[in-house]
Amino acid sequence: MKEISTRHKEEINDLLKELVITRIEAQMPSTLRISIGSHGSFTKEQLIDHIKEGDEIGRQVVKMHISFIKAQASGAFIEALNSVDDE
Amino acid sequence: MNKGLIITLPRYDEVTEYISQFSKEILKEAHLRGIPLKELRDKGCTRKEFEKVAKGLNYGLIVLNGHGSNTAIEGHKDQILVESGVNEEILRDKITYARSCDAGAQLGHDAMKLNIEGCFIGYELPFVFYHDAERETNPLKDNTAKLFLEPSNAIPISIMKGNVAEQAHENGRKLLLKNMRKALRQKTSDSLGFAEGLWNNYIGQVLLGNPNASLYNL
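Note that the protein sequences, when read in sequence, are chains A and B. Under our numbering, residues -8 to 78 are what the first sequence spells out, in order. Under our numbering, residues -7 to 210 are what the second sequence spells out, in order.
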C-alpha cells in the first residue's frame, strides 16, 4: 500500500513538472530571463532543466506556478485584480 | 531618530545591477524632498560600513537592495550586512524596506521583536522579476523589468512622501495589481507569465512591526 502511495506521489510530481514546463514553453520568450531571488537569472531553457532535475530552483518555480494556478482556481486572483482600477 | 535615508546599491551580477539601477527613482525622490541620503555602493556595501552609518547617522529609513535568505541580507558579493542572531537589532525602531528574497520570513520578524516605532517591509518568498536579455546593458530601458521593479520602488518613495508604513505597503501592492492588469491587457504570449511573477511578489510582500511608522514621526 505504501509503495502504491509513493508511486502515485511520484506520478503526480512528474505530471506537475510537465504542466509547469508546458506553461513555461508557451509563456516565456527566449529573449527573456527570470531572476529568482538569490538563485540568479535564468533563460527558459535553464529553467526547464532545473525543473526536470527537481533541484531547489526547479521546486521553487513549480511552487510559484502552483500557487498562481490555485489563486486563479479559488477566485483570489480575479478578486484582487478587480480591487484596483486602471488609470 | 533622524530624518534620512541609507540605501545599499551593490552591483556585481545581473540581479543586483538591475535593482541598484532601478533605485535611481528612490534617490531622485530623496533629492527632491531634501532628505539626507547615504549611499553604500558596490564594495562599500559591507557589514562594517553599514553598521557604522546605521549607528552613526541614525537615519529613519533604510533601503536594502541585495540577495537575501530567511535569515540574512547581503551587500557586495556574499558579504552579509544584517543577520538574525547577529546584528538584526540594528533595524529596530527604523523603517526598513528590503528588496531581498525571503528575509520577511524570519529576519524581519527577529528584527521587529523588541521594536516599538519602526517596521520591516520585505518578502517572505523569493522576489522575482523578468528582464529582457537584449536590454541588459541599459536596464532602465527594460520595460519588462520596469513592470516588476517600479512597484517595489513605490514603497520607499511613498514613505518619503509622508505616508505611513501601511499605506506605503498597500501602494506597492496596488501597483503590482495594476501591472498585472496591464500585462494581461497586452494579450501577448508572455502576459500570463508576467502576471504570475507579479502575483508571487504580491503574495510574498509583508509588513511587520508598526503599521503607523512614519519617517516624519520616528
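Source of the hints: derived by calculation from the structure; they are not laboratory data. Values in this document were obtained by computation on a predicted structure and should not be read as measured data. Be careful, since some hints might not be right.
[To be verified] Partner residues are not named here, just some residues of chain B that face chain A (Cβ under 7 Å, in silico):
| # | residue |
| --- | --- |
| 1 | M(-7) |
| 2 | G(-4) |
| 3 | Y4 |
| 4 | K16 |
| 5 | L19 |
| 6 | K69 |
| 7 | Y122 |
| 8 | H123 |
| 9 | E126 |
| 10 | R127 |
| 11 | P131 |
| 12 | N192 |
| 13 | Y208 |
[What the hints assert, rightly or not] Examples of chain A residues lying across from chain B (beta carbon under 10 Å, computed):
| # | residue |
| --- | --- |
| 14 | S(-4) |
| 15 | T(-3) |
| 16 | I3 |
| 17 | N4 |
| 18 | L7 |
| 19 | V75 |
Think of the CB as a built atom: it goes at the ideal place given N, C-alpha and C, for glycine as much as any other residue.
Go through the numbered hints given earlier and state which of them the structure violates, listing their numbers in rising order. Failing hints, ascending: 1, 2, 3, 4, 5, 6, 10, 11, 13, 14, 15, 16, 17 and 18.
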